[in-house]
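Listed in order, the protein sequences are those of chains A and B.
If you're matching positions, the first sequence starts at 1 in my numbering and goes up one per residue.
If you're matching positions, the second sequence starts at 1 in my numbering and goes up one per residue.
Since the hints were derived computationally from the structure, they do not count as laboratory data.
Don't take every hint at face value.
Claimed, not checked - Straight-line C-alpha distance at most 35 Å; calculated DSBU-like pairs for lysine-lysine: (1) B/K40 <-> A/K193; (2) A/K219 <-> B/K186; (3) A/K112 <-> A/K4; (4) B/K297 <-> B/K412; (5) A/K4 <-> B/K415; (6) A/K289 <-> B/K346; (7) B/K297 <-> B/K26; (8) B/K19 <-> B/K412; (9) A/K112 <-> B/K40; (10) B/K346 <-> A/K267; (11) B/K346 <-> A/K193; (12) A/K4 <-> B/K346; (13) A/K87 <-> A/K133; (14) A/K112 <-> B/K276; (15) A/K90 <-> A/K4; (16) B/K346 <-> A/K189; (17) B/K346 <-> A/K219; (18) A/K193 <-> B/K358; (19) B/K297 <-> B/K276; (20) B/K346 <-> A/K278; (21) A/K132 <-> A/K112.
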Amino acid sequence: MALKLLWLQGLSCNGNAHSFFNVPDMAGVLREFAFIYHPLLPCEATLEEVSGGDFSPDVLIVEGALRRDGVPRGDEEALTLITRYAKQAKWVVCAGQCAVFGGIFRLNEPDKIAGALYAGQERGGFLDAFEKKIINLPGCPVHPEWLLFTLRMLALGTVPRLDDLRRPVELYGYTVHEGCLRNEYFEWKVDAKDFGAKEGCLFYEQGCRGPYTRGSCNKILWNGVNSKTRAGMPCIGCTEPDFPAERLFETETLMSIPARLPLEVPKRAYLTLTGMAKAFRIPRLTRRKFGEEEP
Amino acid sequence: MIQRLIEHVEGEALLRLEKDADGRIKRADILFPHIRGMEKILQRRDALDALAFTPRVCGICGHAHLMATVAALESCYAQAGVSLEISAKARTLRRFTLAMEMVQNHLKWFYLTLLPVVMGPAYNRDVSVLSAHTAASACGRAVAVMGGQWPHTSYALPGGVMCDPSHVERLQALAAVEEAGALFQKRMGLSVDAMAELEDPALLWRTEGDLALLLRRLEALELLEAGQSFDRFLVLADHTAGPAGKSLKTRLAAVETAYVEEDEPLQSAGYANFAKPVRYRGRFYEVGPLARAMVAKDPLVRRLHRRYRDAVSTRIIARVKEAAVLLCRSAQMLRQIDLGDPSYIKPRYALRELGSLKGEGAVEAARGSLLHRVHLRNGRIARYCIITPTQWNLASATDEPGVAATAMVGLKDEKAAEVVFKAFDVCSVCTTQ
Numbered sequence: 001m002a003l004k005l006l007w008l009q010g011l012s013c014n015g016n017a018h019s020f021f022n023v024p025d026m027a028g029v030l031r032e033f034a035f036i037y038h039p040l041l042p043c044e045a046t047l048e049e050v051s052g053g054d055f056s057p058d059v060l061i062v063e064g065a066l067r068r069d070g071v072p073r074g075d076e077e078a079l080t081l082i083t084r085y086a087k088q089a090k091w092v093v094c095a096g097q098c099a100v101f102g103g104i105f106r107l108n109e110p111d112k113i114a115g116a117l118y119a120g121q122e123r124g125g126f127l128d129a130f131e132k133k134i135i136n137l138p139g140c141p142v143h144p145e146w147l148l149f150t151l152r153m154l155a156l157g158t159v160p161r162l163d164d165l166r167r168p169v170e171l172y173g174y175t176v177h178e179g180c181l182r183n184e185y186f187e188w189k190v191d192a193k194d195f196g197a198k199e200g201c202l203f204y205e206q207g208c209r210g211p212y213t214r215g216s217c218n219k220i221l222w223n224g225v226n227s228k229t230r231a232g233m234p235c236i237g238c239t240e241p242d243f244p245a246e247r248l249f250e251t252e253t254l255m256s257i258p259a260r261l262p263l264e265v266p267k268r269a270y271l272t273l274t275g276m277a278k279a280f281r282i283p284r285l286t287r288r289k290f291g292e293e294e295p
Numbered sequence: 001m002i003q004r005l006i007e008h009v010e011g012e013a014l015l016r017l018e019k020d021a022d023g024r025i026k027r028a029d030i031l032f033p034h035i036r037g038m039e040k041i042l043q044r045r046d047a048l049d050a051l052a053f054t055p056r057v058c059g060i061c062g063h064a065h066l067m068a069t070v071a072a073l074e075s076c077y078a079q080a081g082v083s084l085e086i087s088a089k090a091r092t093l094r095r096f097t098l099a100m101e102m103v104q105n106h107l108k109w110f111y112l113t114l115l116p117v118v119m120g121p122a123y124n125r126d127v128s129v130l131s132a133h134t135a136a137s138a139c140g141r142a143v144a145v146m147g148g149q150w151p152h153t154s155y156a157l158p159g160g161v162m163c164d165p166s167h168v169e170r171l172q173a174l175a176a177v178e179e180a181g182a183l184f185q186k187r188m189g190l191s192v193d194a195m196a197e198l199e200d201p202a203l204l205w206r207t208e209g210d211l212a213l214l215l216r217r218l219e220a221l222e223l224l225e226a227g228q229s230f231d232r233f234l235v236l237a238d239h240t241a242g243p244a245g246k247s248l249k250t251r252l253a254a255v256e257t258a259y260v261e262e263d264e265p266l267q268s269a270g271y272a273n274f275a276k277p278v279r280y281r282g283r284f285y286e287v288g289p290l291a292r293a294m295v296a297k298d299p300l301v302r303r304l305h306r307r308y309r310d311a312v313s314t315r316i317i318a319r320v321k322e323a324a325v326l327l328c329r330s331a332q333m334l335r336q337i338d339l340g341d342p343s344y345i346k347p348r349y350a351l352r353e354l355g356s357l358k359g360e361g362a363v364e365a366a367r368g369s370l371l372h373r374v375h376l377r378n379g380r381i382a383r384y385c386i387i388t389p390t391q392w393n394l395a396s397a398t399d400e401p402g403v404a405a406t407a408m409v410g411l412k413d414e415k416a417a418e419v420v421f422k423a424f425d426v427c428s429v430c431t432t433q
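Please model the complete structure; the sequences and the hints are all you need to start from.
Okay, structure coming up:
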């Protein structure tokens, strides 16, 4: 029996629905899952029918931030609809930053808008009563393959192991930094001189948050081919509870040391190692990758 | 009064239809009941943070918002008298990734929004979903090759782009463009080159493919001529397939963004609505692929227009043709890029060094002209205003029906109204942001 999925939205840009539409294996998705409702895919029911009916989904997928009222979906408030189906569902998967923490749209009314279990970095979301059913997949947007992995695990009858924020450890046990093609530049403390080069690490000047952001963006690539940091865009920390931070495209420094250090790295360890690394000059890492000629 | 919830339009919209004694639609109110407050959220943020925020207005056309932010911030430099050097490569890459986002939008719209409503039971769900998926994931991959991911990359910034592609990336992107082109040819029965050069509408009806199928079905439903509106078209920005301008029927003229003005949302008793109407010199205009084709004097669309004016058939064909034109141009753009050009040339000053600034950026997005207006004070956003294509096409004023509302007047039933409405390519999230 195909797992019955119901995808409902709060305050959303539809970005998670579109991100999910980039899964590599859509034929598999259509075969393995039965969508009661999804914002893009043609489905068994209309939103109006979902709102008036009773469909007992196996998994409720929530996209978007939540607010007590002012967000009509179909004939009722999004939160009423989502709460009703959260009761029926075996699992509630929060797809994307807004559903998990409130995301960017929470900033409009921080005291009224929140995610399922969290209001930004604090506990206190709208679906606290269903905590034990909730799986959190933060990210703006959610990575399509992270969501597909989670749904396939549930289809197999296995709940992926979760960390203390109820994120699957096999997806969020990595930092974004792991697997970045710029790692060698980080090791030897060679910073990117500017945007627009494949050489250099973006952690020191351009604001890259990869070393302290959880997510497997550089293990399971985006759209099957790339990641922001590989391309040259700093990680903006879009899976973290404090997203969005201020001044995303520059590194905040204290006495010319990055104000935030890689996850759980003590300052003394960081200073010792970078001091050592800087004492050496690795000629290969100071040249352009393909030589100085035009490629 | 009939109320109808229109779904699968990047969120939902509510249509309230009033009928006359013969059962024909006399008045159509289009209502968008939520707002997320992006303009307010941006206030007091660092100017460059807008690069990460505005793409989050919309999950399907967020890349156009990124490009509008870049254009608005670059125009702030211009206002301060600081000239920026943007390399030809950076300009081309920006146009390329934007074109790819437009193509994925057009093909998703065709297969996921339009076909189901027009074809009814004759519609094959799996074929349509898989066609949309192939096209959209190939185009998304092309953006990701340059920008790291799609949706929601912020890889462009004042001064250029953040990526540094080699021939490897160029060929990966080209392969993705060709995959989307192959899908187009397989499903539409015409190669993208043949479609891009097509001038004779009769050929479209004779071709075996999904577009011909849809047109024949519209003909059977007597809807080919439905959905005519003001017959006024607006293109605020130069774009890959043509210039900015406006067209009153077929009469062309230049445009100035200074004449663009927002108004208060239509009040409809008992229901919230946040869609602000927008006018050019006090008049409503249609924006989008049909407008772009009319202003670019596209021969196929001009011939259709002679027969059907601004009806659904002209509107639909203009959008499908634009997907083909953009795929052709995208392949050319990739081949022409000089990879040795710089990707980014750092502006001589940071925005926070330049005091009080005003800027504006217009971009042609999938659904039409997108305008961002920004005031900066010492590098922080004092005010940010976003005027989206769907506001132009879908929003009515309390005292005057807008483009889509006018297009629905006189239609025979709600089904016809839904076809006409969806042919505009509705985006609920953009309309109110």
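So, going through the hints one by one against the coordinates:
no. : hint              : result
1   : B/K40 <-> A/K193  : holds (34 Å)
2   : A/K219 <-> B/K186 : holds (34 Å)
3   : A/K112 <-> A/K4   : holds (31 Å)
4   : B/K297 <-> B/K412 : holds (32 Å)
5   : A/K4 <-> B/K415   : holds (29 Å)
6   : A/K289 <-> B/K346 : holds (21 Å)
7   : B/K297 <-> B/K26  : holds (33 Å)
8   : B/K19 <-> B/K412  : holds (9 Å)
9   : A/K112 <-> B/K40  : holds (15 Å)
10  : B/K346 <-> A/K267 : holds (31 Å)
11  : B/K346 <-> A/K193 : holds (10 Å)
12  : A/K4 <-> B/K346   : violated (51 Å)
13  : A/K87 <-> A/K133  : holds (9 Å)
14  : A/K112 <-> B/K276 : holds (24 Å)
15  : A/K90 <-> A/K4    : holds (10 Å)
16  : B/K346 <-> A/K189 : holds (22 Å)
17  : B/K346 <-> A/K219 : holds (31 Å)
18  : A/K193 <-> B/K358 : holds (29 Å)
19  : B/K297 <-> B/K276 : holds (30 Å)
20  : B/K346 <-> A/K278 : holds (25 Å)
21  : A/K132 <-> A/K112 : holds (23 Å)
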